[in-house]
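Here the protein sequences line up with chains A and B, keeping their order. Numbering-wise, full-length UniProt numbering puts 55 at position 55 of the first sequence, and it's gapless, one number per residue. Numbering-wise, full-length UniProt numbering puts 73 at position 73 of the second sequence, and it's gapless, one number per residue.
Hints were generated in silico from the structure; no laboratory data involved. Relax, there's no trap hidden among the hints.
Straight line, CA to CA, 25 angstroms or less: simulated DSS-like cross-link-like pairs of lysine-lysine:
#, chain 1, residue 1, chain 2, residue 2
1, A, 99, A, 236
2, A, 165, A, 99
3, B, 66, B, 212
4, A, 99, A, 375
5, B, 5, A, 165
6, A, 99, B, 5
7, B, 112, A, 338
8, A, 235, A, 375
9, A, 235, A, 99
Quick caveat: nothing in here was measured; it's all calculated off a predicted structure.
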Amino acid sequence: MTEMTTRTDESSADAIGPGLVEERLVLWYFLAALLYLFISLTGGLMMALQLVQWNPISGNEYFSPGRWRMVHTNAIAYGFIANCFLGALHWAIPRLTLKPVLSRPLSYFIFVAWQIVVLSTAIGIIMGQAQGVEWGETPVWIDPLALVGLALVAVNFMAPIVRTKGPLYVSLWYFMAAFVWTFLTYAMGNFMPQYFVPGTSAGAIAGLFIHDLVGLFVTPLAWGLMYYFVPILLKKPIWSHGLSLVGFWGLAFFYPLNGIHHFLYTPIPDFLEYGAIVSTIAVEFVVTTVIINFFGTIWGSGRAIITNLPIRWFYTGMVLYFVTCAQCAMQVTHTFQKLIHFSDWVVGHAHLVMFGVFSMWFFGMMTYLFPRLLKQSWYSRNLCEWHFWLSLGGIFVMFIDLTLAGVFQGFYWGSLQPWEASVEGSFPFWVVRLFAGLAIIAGQVVFVINLWQTWRLSRRPVESYSVAATA
Amino acid sequence: MFESKSGILLIGGLGFFLFAFLSNGLVPILLYRHLPEQTVAELAENQNLIYQFEDLSVRYPEQFEKYYGEPNQENLAVALELGREIYTAEGCWHCHSQFVRPVSNESVRWGKVASSDEYQNVLQRPVLWGTRRVGPDLSREGGRRGNDWQALHFFDPPLLSPSSPMPRYTWFFDENDPAKPNKRGLAIITYVQWLGSWLEQYPLYERFVPLKEQMQNPLE
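Chain B with its partners taken away, still in its complex shape (with noise of 0.2 angstroms):
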């Protein structure tokens, strides 16, 4: 048996490597079941996401105009998912992490430590923990910063962080120019304000005043 063909194939081969699977990567999916998958268009009825696509489109309403038109929840879901097709395919995955640990202090840095119910959703397709981060961990970064603020840092990251190793993603302006973020722009940073857009304390070190309320005139 443990020099025989069939039996390197069948219980080497396939035998383990099934043990291993069903106890490994059965036993999450059967915990997991019954948490239900979130739809693209579901976290786009986020307010605080809302916001935040409705600010790009003041910010930058001729870009916003020219690539997405209307800051309407469908075309919030369209960046979305380019966005996180962005992220996927620029590698930024590979030095930033998306979930926050129990210990060396991580949820005093970034927030609420990581649960299930945060990546059963379509854009984590597969799931991007990550496993190095050479920047910060970016599942709470969403409404940290303002969206000029990401603009200008993916145009250029050392302009605001001076010893940031961050390349430049100049690709994501049109004419060079970090005030014209193009649909990719747009997109990537609708992305990552989304991320921990889901939690109560988004943004974490800022009081959340809906846009509604900030372009009121206060003596009306």
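Extracted from the complex, chain A is given alone in its bound form (with noise of 0.2 angstroms):
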């Protein structure tokens, strides 16, 4: 293994002192992230498994493939998703602003909160109590106790930041305007189109829910911290700030208003379906700055792509990211709609983006912290390997796969032929995916292993821990 992704002493964290991350905390987070996204995983093996109907528990409410569908989806959003954010912002935040977070004992209350909110919402949901909102199925009696908790976060977070004097570095820019933005999102994709306004204009909200939840939630934070570790990483600063500039602002004005276009066709009328795709395309000119401005920074050093995991985590998932988006600037288009919206190209689509972009960051995180959090370098870097290229190759295949079932889908519904026809149709593809879906499962039941392994190595005694990293 290379010296950047083995070295356990942390010579910058003996500059700013002791005490100053929570390190206890960002290793709980990561350990419940997992816990969640094993979870997740079980869902969507669940509901592969039914589509072609090889489920071997049919016929039991609990284990019903329809409502573990939205505990999949759930479980990757807040329990994953989320716990790894809160983790690495426990890692970046004090960091960046050489400032501990406003309080320690808030920061434990927040993670059993966030663990008992979401652990409550995948019961709810197993238990058929799900909300009707896409992303957003928390059952609605815990929306107000979410809602309270992401302001926690928020507190808890931006004291430090607003206590920095002098400019702000970019990645604080993201975090901050998410703090923002994720509260506002999830107080108005789970409350307004519950109790406040039915059919077409809830129709409306919840495309903007949808979108934001990925758009202002997931995006900001996940680029707020490529900001952070890559420089870090590659040991040089970000290529070109003005890029960064535009990126951020580009990304703060255009990805709001991309909502509708989740539900193009429908009785949304057309002019605010226009507007909402317009912007998506002007987002993908946003998003190429950004990419720009990444190779700009690794350019020269493109040799850690090999040699340094994390690096080759986040690249593999910025180059994704890009095809993403550049397939987002054409499927959302009328045109492309016509085609393959309801098919599984959403799908394959939606896949890429969750786990072949923002997972993919954050295992490279996870890669880049285990070994500092344990104060133990990894037990083997050949798991290392199989890890990214289990979940590289599954993810590649899922996504062609569900892309070409989404074409087949699209012309056999186009085509007029009868439904059974699209469904006998789309069997060989979802055979292809629950392959690919099991090679996913297996790189991430070898992520574990060697995590386990790793922190048995850690717990032994010092003399062998020293031995170990200077090896």
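Join the two chains, each given in its own frame, into one complex according to the hints.
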């Protein structure tokens, strides 16, 4: 393993003093995230088995694939992604501001409260209390609690940022904006369509919510962390500050305007649909500037992609991000929508962005941070490689497979064949998807085994630890 | 401004979010503010739906009596509301959409293209358009198939449609018997029969014969 990924002494941490980062909490958040990742993978597997009629536990209410499909998405959004963010932010924000978060007890309280929120969401959905908002199926009685949690998170992290003097680094722009956006988005999506407006108006709000959750919660926090981790790992500054500004403000302006593109050809008026389409295409131009900025940064250090695993995870994610966004600029048009909307094409797109991009980045962060949190280098570099290649291979096959399936389904439907023809025609694709999913699951199992062994090594007496660290 | 805390929080965080909300969220709300929102009681006045509800009471008299009593409008409203809850809770809307688009021959397959007034009712809070079709669109499903077909299909979809990947919903039935739909079973069937009941061409492919006429002795 290379120097960057195996070194367990953190010289910068010494410089900024102990106690700044609550490392135990970062570790807990990551472990919680992995737990929900596996819950989500279970849900995905059940749905994949159901689609090919191989579901072994059919006919049980609490193992209904319909309910577990919602657990699948919610566990990823609020269990895996949110926990990863909270862990990574607890690592990054105190380092960027050189100040601890508002309160250590509050941090622990938030950790416990958030796990209760996510667990009750999963249990609520399994018990049959889902709310009819996509990505917001959280039962209605949990929504206010989740909102309080998000407010506390914002307060806890904003304290050190507000007290910082002078210009702020790019990452902090993204974090600050995301704290405001996430709170507003969650409130809008979970309360407005439920209590205030019905029908078409509710659909427009639900579209905004689906998209803002990706665009204003996940995307800004994830890019903020990229702006933090990539320069540290490459030991050089971001290529262009000007492009960073374009990227941030372009995202801030155009991304919130995208939502309605999820409901094209609905009764939502056409002029609003066109507004969303134009904004979406604008976002892709903004994304291109960000990608150029990051490839400008790695220019000249390209070998790091081979030798440095976290950098490889990050840049693989970025390439796939660009693919997702290029795809988005096309599929958002009415021309594409005719054919591919409602089909597996969209499912492939969602998996590419959620697993192929954001999860890849989290795995990169975990690969980088676990050795530092456990004070122990990875048990096996080989297993780290297996984790990467199984994940990448799995998502690549799944993406191609589902995209193709979507095209086939679109033509089956448009040509007015009996509905069964589209289902039977999808079977081969669904079988391939099942095995692609199994590859992804295998990758994560390898990761957890590696982590378990690393943890066991870290529990050994100190002498052997120092040997391992210098080896 | 572009790198200051207040600029990012007020312009980027609050300002742009608000701008998007006003332009994309508030505009449709204002556009449709005059469309009356129907209550469940109003929806239950629909004759097509009453016919289906009465049909359920005739087909499954013991089960119906046990869970709903009389096939009147109040009980129909209860069943509709519960049916909608189940439709959400079971994630039906993740594999079935509820709107017909003006493209891809969808109006040929399912009927009238969706319009806003169809969704202006309490049962569309939140709206159940859906974003994926593993199974067909359901917004014109009501009346196309009989209640017994629906019951058996919920119990074991591949029995009626061999390639169907739809899960079995055996918990909609008492004693694991497709002839004994329980409270939830009767509710979800009522809800499915409601979909499209407001349209003139309900049911889409069959001539609508009110229950009274069906039950009438032709010799009288």
